[in-house]
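Novice: Using the sequences and the accompanying hints, generate a full structural model.
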Amino acid sequence: MTLNALLFQALNGLSSASGLFFIAAGLSLIFGVTRIVNIAHGSLYMLGTYIAYSLATKIGGAFGFWGGIVLTAIIVGVIGALIEIVLLRRIYRAPELFQLLATFALVLVINDATLWLWGPEDLLGPRAPGLAGAVEIFGRRLPSYDLFLIFVAPAVLIVLHFALAKTRFGRLIRAATQDREMVGALGVNQAVLFTSVFALGALLAGLGGALQVAREPANLATDLIAIGDAFVVVVVGGMGSITGAYLAAIIIAEVKALCIAIGVVDLGFMSVNFSKFTLVAEFIVMAIVLVTRPYGLLGKPQGMVRSVAEPEDPIRPATPMLKGLGAAVFILLLALPLLAQTSPYLMILAIDVLIAVIFATSLHFIMGPGGMHSFGHAAYFGLGAYGAALLVQLAGFPMLAALLAAPIIALLGALLFGWFAVRLSGVYLAMLTLAFAQIVWALVFQWESFTGGSNGVIGVWPSPPFDKSWVYYLLALALAVISVLLLRRFLFAPFGYAMRAGRDSALRAEAIGIDVKRIHWLGFAIAGCVCGIAGGLFAFAKGSISPEAISVGRSIDGLVMVLLGGIQTLVGPIVGASVYATLQDTVMRQTEYWRALLGLIILVLVLAFPQGIAGALSSLARKLGRKPGGAA
Amino acid sequence: MRAQAYLYSLAFVLAAGLSVPAAAQDTIKIGELNSYKSQPAFLDPYKKGMELALDEINSKGGVKGKKLELISRDDGGNPGEAVRVAEELVTREGVSMIAGTFLSHIGLAVTNFAGQKKVFFLAAEPLTDKITWQNGNKYTFRLRASTYMQTAMLMPAAIAAHAKRWALVYPNFEYGQAAAEAFKTLLKKAQPDVEFVTEQAPPLGKVDAGAVAQAIDDAKPDAIFNVLFGGDLAKFVREGNTRGVFKNRTVVSLLSGEPEYLDPLGAEAPVGWIVTGYPWDKIKTPEHVAFLTAYQKKFNDYPRLGSIVGYTTIKSIAAGLAKAKDLSADSLVDAFKGLYVQSPFGPFQYRASDHQATMGAFVGKIALEKGKGTMEDFKYVDGASVLPSDAEVAKLRPAGAN
Chain A
1 MTLNALLFQA LNGLSSASGL FFIAAGLSLI FGVTRIVNIA HGSLYMLGTY IAYSLATKIG
61 GAFGFWGGIV LTAIIVGVIG ALIEIVLLRR IYRAPELFQL LATFALVLVI NDATLWLWGP
121 EDLLGPRAPG LAGAVEIFGR RLPSYDLFLI FVAPAVLIVL HFALAKTRFG RLIRAATQDR
181 EMVGALGVNQ AVLFTSVFAL GALLAGLGGA LQVAREPANL ATDLIAIGDA FVVVVVGGMG
241 SITGAYLAAI IIAEVKALCI AIGVVDLGFM SVNFSKFTLV AEFIVMAIVL VTRPYGLLGK
301 PQGMVRSVAE PEDPIRPATP MLKGLGAAVF ILLLALPLLA QTSPYLMILA IDVLIAVIFA
361 TSLHFIMGPG GMHSFGHAAY FGLGAYGAAL LVQLAGFPML AALLAAPIIA LLGALLFGWF
421 AVRLSGVYLA MLTLAFAQIV WALVFQWESF TGGSNGVIGV WPSPPFDKSW VYYLLALALA
481 VISVLLLRRF LFAPFGYAMR AGRDSALRAE AIGIDVKRIH WLGFAIAGCV CGIAGGLFAF
541 AKGSISPEAI SVGRSIDGLV MVLLGGIQTL VGPIVGASVY ATLQDTVMRQ TEYWRALLGL
601 IILVLVLAFP QGIAGALSSL ARKLGRKPGG AA
Chain B
1001 MRAQAYLYSL AFVLAAGLSV PAAAQDTIKI GELNSYKSQP AFLDPYKKGM ELALDEINSK
1061 GGVKGKKLEL ISRDDGGNPG EAVRVAEELV TREGVSMIAG TFLSHIGLAV TNFAGQKKVF
1121 FLAAEPLTDK ITWQNGNKYT FRLRASTYMQ TAMLMPAAIA AHAKRWALVY PNFEYGQAAA
1181 EAFKTLLKKA QPDVEFVTEQ APPLGKVDAG AVAQAIDDAK PDAIFNVLFG GDLAKFVREG
1241 NTRGVFKNRT VVSLLSGEPE YLDPLGAEAP VGWIVTGYPW DKIKTPEHVA FLTAYQKKFN
1301 DYPRLGSIVG YTTIKSIAAG LAKAKDLSAD SLVDAFKGLY VQSPFGPFQY RASDHQATMG
1361 AFVGKIALEK GKGTMEDFKY VDGASVLPSD AEVAKLRPAG AN
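Chains A and B, in that order, give the protein sequences.
Here our numbering is used: position 489 in the first sequence is 489, and no number is missing along the way.
Here our numbering is used: position 46 in the second sequence is 1046, and no number is missing along the way.
Where hints are given, some of them may not hold.
One side of the interface only, derived from the structure: several residues of chain A facing chain B at Cβ under 7 Å [unchecked claim]:
#1 I225
#2 G228
#3 N455
#4 S544
#5 M588
From chain A, some residues computed to sit far from chain B (all C-beta separations above 10 Å) [said to hold, decoys possible]:
#6 L71
#7 Y92
#8 F162
#9 T167
FYI, nobody ran anything at the bench for these hints, they're computed from the structure.
Ideal placement from N, C-alpha and C gives every residue a C-beta, glycine not left out.
Specialist: Given below as structure tokens:
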């Protein structure tokens, strides 16, 4: 490959970086000030492309295109402001991360609304008037629009930089990023500040989406792709740093362009296709950056957020009455197979619910009492599932042995990744877990000869007598009860108290002799191990396992279950998992627009139960003067 | 605490589980599952095609005096979910057979489910060869021409190009990898001196089109084999056109002539590409004209290839049910072996040897008419003409699959 070719690919990388920068900059601003992990940011970006397409084709001409891009940015900005005013403002007092649930619901609703408004077909916009052609550089043709993109991102960066550095609004944003309570205490109207920051972030996302209209078709899958990329860029650059976001966007885009430029390389004993690494390049970059620079390239340690939510009750052991009730329900669940004789599907759904319960409870173990928000819990689910399936297929393990091995394999993965992850905290920890999950996913996806690639491992069915669904259900029930009780036991042991102490005040915990990092590392490993049980059960319940089981979607499902149930209660994840799994099953049958319906139901639940379902029930119980069962 | 949770989950489970609709005696229930949300561009017309076929069959009194009842579900776009939905269709809805699926890995998971639970499954769209060959089983049949077949249909044109240096670009998952592999093997056999100068395998839905197009151009190929489709294809074509990558190069491309993927390109449709596809406005055979008229009358829209697949899926099922002696899976398998079906593309057969339908595809060149992409110089290639012989596929299928 010639030097010119390489330099030219670097230019391609620069123009791709522009798209990444716009969406990441907005996300970074919003997170910095409001501390909201806005999953719907990708949806705003997608809306930008669709709206710009409509304006460009309906109005037409140079004004329709260029004017349309500006107009689109404003429209999306207004949508952002509305989201903040109508929805998010109502739940700022909820426990940390709860707003994530609301924005997740928005993703579902916006996607279906877009499908309804614009239809299912990809919509390729017109070429940019005035920039439709190409310019010759290094003897190659670079689209003039790409050249324009290369310059527009730094231009916006400079404008933003001066706005943040020189204007009053910018000073407020920087102040709020550092200490938003102090800003509030000094008499700044927080509501207005939050709304305008959210609108500005949305505007940038809309602008980024609109600018892509001349390069790629408006497509309904853009929302999730964009949000995934944006998170990586924001974290690599450092949360809250706009310049960092630009730098990160360039690094990631250039690494990808380089992989593509190298193409297939013959190493003598094997040939490696580097273009396949674009799948995982950004996550490897993220993992390296986070391991070496915990706050991203240009980020600073996150400012303290004094929680605005109601303080969490200490957890209490179950009262005898509740123990009795628990036993009664357990017996009822044991009798469920009798009921299922008339409707066999009950067993299949119940197995799925139990798997979800184990998954969510193990995630809650580190998220709630551990205070470590894992965005990549699917990694351990996947390790357990793949471990069990591969042991059956390649090593000829019997089913029960493979099920026993699943948590061990997940444990090993969790020990390895956890060792790095617990060195970080807050959103950086969350993102590093996500990066590890994506790396596991990519490994499974790429290593075709071993894992079956995109097809996964097929044909791992339970051996008799477990091939009858009611027997398998009893097995799942037994494992679920053991998992839940085991995790509870850990929480009421000194280990659990130490873990919570480390969460609430790392400094004081260290001072009384608790090795917080080690305790959290072990907590992380235990959660991963238990999650592996769910993975193993899943593989045999479905008879196959594919990379989807490790995807970001599953990790987010876990977060949704925990938050829906209530992060501050121990039954929260059980309630959340049961409700979410059954809800999904029911809703998917109801309507063509099931995603919007699911999103709306979650929104209603979010507004009705800002502490999660179980959290709300336990508060209610307390208000009625009964014993606070739900909090125990 | 836990008690509460169990009570609520129990209530939910019961509410969801006990609402079993009473089965009507005078209908035959067909379960159908597909990735309606993740692949709407193909599956929206597919659903319409199914509706049209159902209308036609039921207005004539159904099959053996029983009307067909279609129960359609979203499979959530992932294999685990798809297996659950399939179980739901079988155990709760009590369907006699299942059909559908789009992506290869989901099709494979449901294929395996069908084999394990002995349920009849007609894979409508997933293209992977494994469904009928390596992972084939007794209970699974497939309608759509497989990856291997579609690639083989393009071989005569690829060989006729007499190009020595080829570049390949394909989405990095089962379908793309299999197509690239089949293409390389077949071309190497026909033209031993062929050289594959570069292979670009971008992730599905995330192609970095500018860089990929440039890398292909830098490898200086004489010809390009493309497997990208959907949004990836649109990005690739626009970048490639602007950068002059396709100039003076033969491009052979899978599926790009299908209206689902060709129409979004509008006036930028890459003229001269040799593709498999569906020129819906130019096929004048009586059976297609009849289908086209009925479709346009019902939906006031033109059919896409998905419409053909949906329509033919239901027609195949009706034909199979008419031939089967009862509704058991084994009888359906017997009925589908060698079953003849009338389709808008003409008659075809489900082979007894590997359960693959011989429905073919149209191969032609992309042209531009009135600012829209279309196909010219096309001909219908019968699937039977590109499939390996019965003896050869018998070696590919696992023992006991027939």
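Novice: Does each hint fit the structure? Answer for all of them.
Specialist: Here is how each hint holds up against the structure:
no.: 1; hint: I225; result: holds, 6 Å
no.: 2; hint: G228; result: violated, 9 Å
no.: 3; hint: N455; result: holds, 5 Å
no.: 4; hint: S544; result: holds, 5 Å
no.: 5; hint: M588; result: holds, 6 Å
no.: 6; hint: L71; result: holds, 23 Å
no.: 7; hint: Y92; result: holds, 27 Å
no.: 8; hint: F162; result: holds, 30 Å
no.: 9; hint: T167; result: holds, 36 Å
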